[in-house]
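Chains as they are written, first to last, in the working numbering: chain A, 1 to 232; chain B, 1001 to 1220.
Among these hints, one or two may not hold up.
[To be verified] Below, a sample of chain B positions facing chain A; criterion: calculated Cβ distance under 8 Å:
no., residue
1, G1042
2, S1045
3, R1090
4, W1091
5, K1120
6, F1125
7, I1131
8, A1135
9, L1140
10, S1147
11, N1148
12, L1150
13, T1152
14, V1157
15, D1159
If you are wondering where the hints come from, they were derived from the structure by calculation, not from laboratory data. Here a beta-carbon is modelled for each residue, glycine too, at the ideal position from N, C-alpha and C.
The residues making up each chain are set out below.
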Amino acid sequence: MDGAPVGRRVFLGLLGVGAAGIVLGSNVQRWLEREVGPYLAKDGTGLSGLLPIGRFRIYSVTGSMPHRGHDEYRLRVSGLVDQPLTLSYHDIRAMTPTGLTRDFQCVTGWRVFAVKWKGVRLGDVLDRAGVQAGAKALRFRSFDGTYTESLTLKQARRDDVLVAYELEGEELSDAHGGPVRLYIAPMYGYKSIKWLDRIEVTDEVVPGYWEDRGYDVDAWIGRSNNRDDNAP
Amino acid sequence: MTTTHRDDAVIPRFDRVERAAHWTTAALFGVLMLTGAVLYAGPFSAMFGRRELFRQVHVYAGILLPVPVLLGVAGRWGARLRRDVGRINRWTRDDARWFRRRNRVPPGRVDVGKFNAGQKLNATFFAAAVIVMLATGLMLRWPNPFSNDLRTGATFVHDWFAFGIWIAVLGHIYFAIRDPVALGGMTRGSVTPYWARTERPAWYREVTQERQDLEEPAPR
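Let the hints inform the model, and build the full structure from the sequences given.
Put into structure tokens, the structure is as follows:
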């Protein structure tokens, strides 16, 4: 046949671009976040919010965006505790706050750098209820009615595990899991259950929503992305 | 459609196998682009939710994506499709000319074959994009074997290729609508001789030559 096999070269070239992107993409992404991110933050149109730079992806497993106002919100703590608790949003706000600035890392690879969180330590909430001897784990439920998560007691008492109510200095929006969610800094994002409704203290770990669908129960973020907060 | 040519017979352009492969691939692309938008874009994610459902549909449609074309080229039935793949692969000086001069030279100065250079580039991009999206998509769906940096890289590639695909698909549809006869080649399977002669002269000569050869078999 006439002509040069340019089609094949373009085809292989594009595959090469894809492969290089997989290997080098995290560096390029980091560069984009640093160099381009600040400009996008100033864009008033909101269109740049569609670009894959410095953005959260909004994951919800149910059909509608859950909503609960600050005044109606209640967090219930039950199970193997001395005293079952019902905390209002304002009760949680009245507790000693803790701030954390960490990368938010999704198991599928997207990452938002240096996210500012504020909330109270999960350990402090547990102490208020009084965890009984024999308790080993926690089971979390979302008021979306479907999502669940789990932690061992030891994991839950880490300083970087928050019952969070602020993101980047603002009250948590519905999309980000407000008014109150978990933020588990050393683990992949799916552990940080949104729209936190109940905490049940149990004697064993019950795998959560995505864990029933194949994800790790202990979702420590790998060492490969230069974080050292990963190990138990 | 009027034709100045006395031969009113239409010229077959894409056979059933090619059209079936094209339209099932197109349907899968449609499903993937829409479910992808729901999975990716915050406002749509918020509007539709049901992440598990959209994710399943997206993953299965993605795994099926290469199947129609692979089936199309695989068997005895795929002769025409295989030949067209060969045509898309080969670039002549006329293809370079098509890119450089198409707005400045009268049509006919560029001796276009069955596909013009834009169509070749488009088809080649889609072929590569399917493989790149499938590979990175599998990494996102089953991330366990991969380090976080590779996952971030796969997300990065999947995102930006998706933007490329949206642009290519919208462009592809735009050009198809602008040229109804060419579109007819993919819907009905045939084009008018007038279109073939003016828009794809080299192909027209090839087709008419083949017809003559059929009508006048070489003497034994």
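Check the structure against each numbered hint from earlier and tell me which ones fail, lowest number first.
Of the numbered hints given earlier, the structure breaks none, since each of them holds.
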